[in-house]
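**Q** In terms of the UniProt record's numbering, the sequence shown opens at residue 1 and continues consecutively.
Bear in mind the hints are in silico, worked out from the structure with no lab data behind them. A hint or two may mislead.
The following label-pair restraints were derived from C-beta to C-beta distances [unchecked claim]:
hint, residue 1, residue 2, range
1, GLU102, GLY72, 16 to 24 Å
2, ARG52, PRO108, 36 to 44 Å
3, ARG79, GLY37, 18 to 26 Å
4, PRO146, ARG79, 34 to 42 Å
5, VAL93, ASN60, 38 to 46 Å
6, PRO146, ARG42, 20 to 28 Å
7, TYR56, ALA35, 12 to 20 Å
8, TRP97, GLY72, 37 to 45 Å
Think of the CB as a built atom: it goes at the ideal place given N, C-alpha and C, for glycine as much as any other residue.
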Amino acid sequence: MASEQMAEGPEGIGPLPPARPLDAIDQDILRMLQADGRASIRSVAERVHVSRANAYARINRLVEDGVIRGFGARVNHERAGHGTSAYITLKIVQNSWRTVREQLRQLPGASHIALVGGDFDVLLLVHTPDNRALRELVLTRLQAIPEVLSTRTLLVFEEEDLEPQG
1 MASEQMAEGP EGIGPLPPAR PLDAIDQDIL RMLQADGRAS IRSVAERVHV SRANAYARIN
61 RLVEDGVIRG FGARVNHERA GHGTSAYITL KIVQNSWRTV REQLRQLPGA SHIALVGGDF
121 DVLLLVHTPD NRALRELVLT RLQAIPEVLS TRTLLVFEEE DLEPQG
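With the hints as extra help, turn the sequences into a complete structure.
**A** Written as structure tokens, this is what we have:
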């Protein structure tokens, strides 16, 4: 039953169709686009040994199925003026995840939000210009959300995005 349920799509889009199985060519395309989201259809087709039309159709299907959620740049946050990063753990009121998630999405510098199991309920990654901005975000914005029971801030000293395995 659960596998027949449709996944939730991006806001305003509606539910996604059930995911179709990915073959080796789809996996190769995903690895290529993760390493270089600006790769041309021609270069993708050549590297995975299919026609341009086939590569184009496969990429479109991966987007339509929600496997590829979008294309973007990997940012060096420090060089972009957001030199302070922190993981913030939140304990929230039971059954308030959807409400809290919507409020967290609005926070400046919020980069990743996860509902997790364990000693806390939510893990939030933020990037701010400095410690003063981080303090303001935690003490003024986060702790003002009524459903947030407590927070714990873990300051990031150094970070590195891992490149996709090829």
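**Q** If you check each hint against the structure, which ones fail?
**A** Of the numbered hints given earlier, those the structure breaks are 6 and 8, listed in rising order.
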